[in-house]
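K.L.:
Input sequences plus hints: build the corresponding full structure.
Numbering (this note's numbering), first residue to last: 425 to 775.
Just so you know, these hints were derived from the structure itself, not from any lab. No residue lacks a Cβ here, since even glycine has one placed at the ideal position from N, Cα and C. There may be inaccurate statements among the hints.
[Unchecked claim] When the alpha-carbon atoms are kept at most 30 Å apart in a straight line, the in silico BS3-like pairs for lysine-lysine are as follows:
(1) K620 with K714
(2) K556 with K598
(3) K530 with K592
(4) K772 with K639
(5) K616 with K714
(6) K772 with K599
(7) K530 with K616
(8) K775 with K639
(9) K556 with K545
(10) K596 with K620
(11) K620 with K775
(12) K596 with K530
(13) K714 with K639
(14) K714 with K599
(15) K616 with K598
(16) K556 with K599
(17) K530 with K772
[To be verified] Cβ-Cβ distance ranges computed for the label pairs, FRET-style:
(18) W492 with P552: 49 to 55 Å
(19) S485 with R662: 39 to 45 Å
(20) K596 with D568: 45 to 51 Å
(21) E666 with T722: 38 to 44 Å
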Amino acid sequence: MGKKSQRPEPQGAPAVRRLRAWQILSALLVVGLVVGVLAVGGQSDDAALREADDNPPEMVSVPGGTFWMGRNDGPPDERPAHEVTVSPFRMDATEVTVGQFAAFAKATGYVTVAERAFDAKRYPDAAPEFRKPGSAVFLPVDVDVDEQRGAWWRYVPGASWRHPEGPKCDVKGKKNTPVVQIAWEDADAYAKWAGKRLPTEAEWEWAARGGLDRKPFCWGDAQQGDGGRWYANTYQGRFPAEDTGADGFAGLAPVRTFPPNGYGLYDMSGNAWEWCSDWYDPEYYAVSPKDDPKGPATGPRIEGESQKVRRGGSFLCDDGYCRRYLPSARDKNPTDSGANHTGFRCVKDGK
Numbered sequence: 425m426g427k428k429s430q431r432p433e434p435q436g437a438p439a440v441r442r443l444r445a446w447q448i449l450s451a452l453l454v455v456g457l458v459v460g461v462l463a464v465g466g467q468s469d470d471a472a473l474r475e476a477d478d479n480p481p482e483m484v485s486v487p488g489g490t491f492w493m494g495r496n497d498g499p500p501d502e503r504p505a506h507e508v509t510v511s512p513f514r515m516d517a518t519e520v521t522v523g524q525f526a527a528f529a530k531a532t533g534y535v536t537v538a539e540r541a542f543d544a545k546r547y548p549d550a551a552p553e554f555r556k557p558g559s560a561v562f563l564p565v566d567v568d569v570d571e572q573r574g575a576w577w578r579y580v581p582g583a584s585w586r587h588p589e590g591p592k593c594d595v596k597g598k599k600n601t602p603v604v605q606i607a608w609e610d611a612d613a614y615a616k617w618a619g620k621r622l623p624t625e626a627e628w629e630w631a632a633r634g635g636l637d638r639k640p641f642c643w644g645d646a647q648q649g650d651g652g653r654w655y656a657n658t659y660q661g662r663f664p665a666e667d668t669g670a671d672g673f674a675g676l677a678p679v680r681t682f683p684p685n686g687y688g689l690y691d692m693s694g695n696a697w698e699w700c701s702d703w704y705d706p707e708y709y710a711v712s713p714k715d716d717p718k719g720p721a722t723g724p725r726i727e728g729e730s731q732k733v734r735r736g737g738s739f740l741c742d743d744g745y746c747r748r749y750l751p752s753a754r755d756k757n758p759t760d761s762g763a764n765h766t767g768f769r770c771v772k773d774g775k
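P.N.:
Written out as structure tokens, the structure reads:
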């Protein structure tokens, strides 16, 4: 896949349900989502299903071990750094691809959150434009990121994993690109179908570090390698107006484009955000158990609801604005929220 000419990412950009989108979007503060309970459409879109890849995803063995999770010089939710021991497990070598997710949708008829109809009885006051199935899409704009936070997100009817940026965009020829526009419940459904599960936050960070404890990046100490080599698909340029694509891409990159980490895992930094199984609690690290922590029983209500953890950052992470592509960085979203920079990967217990 060649270079694409678009897209960036916000640091704490909160994803919101479609219920709130019609209220918040007018204030240019929305980052994401849809809600619905009636499954419609999707199945007739054969173009996406033709990308189905029936080959099982490669998984790599991640050894067990003990490491320092978090960062004392990071944001409050990354503190305190604390020692954690993780049991061995297996992890998808790459983020789940369009082809792999298409195989799931083809086999099961699953309809993602973004493809579902709006429940008008539940949300009678929503404006007509937000009653259509769709999702959050990044649109580059020339604004001050501090004064107009979130202005680069729009709710786009018709956006889904099949059409990540809306009806005029499709996934033809992109079976090896990470699937995006995935809500947590979509990722969980795929994982169960595949006989896997989503990683815990501790497993994810341990795997992302690739055996390099207390290093700032998944690959070591420096952001770039010899000759200015890039190790991850992130955002270069003036966010959110222009991504120069200095790393080779201004948008999603096919999996395995950038070097793997020490455990043989690709894109643990950048490309697409990845869902974890844990509920998000900014204060959880202070009470986390040492051995195989699985997160709190539920999370505090943020913007009206508990949210799940996302890790890894995406192609929209700008070094001057959003450094959430670092292995210690945490983020969160509601379970019914997706966007064109959010995907996932799965794990299995055992070696």
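K.L.:
Just pull the numbers of the violated hints for me, sorted ascending.
P.N.:
Hints 14 and 20 not satisfied by this model.
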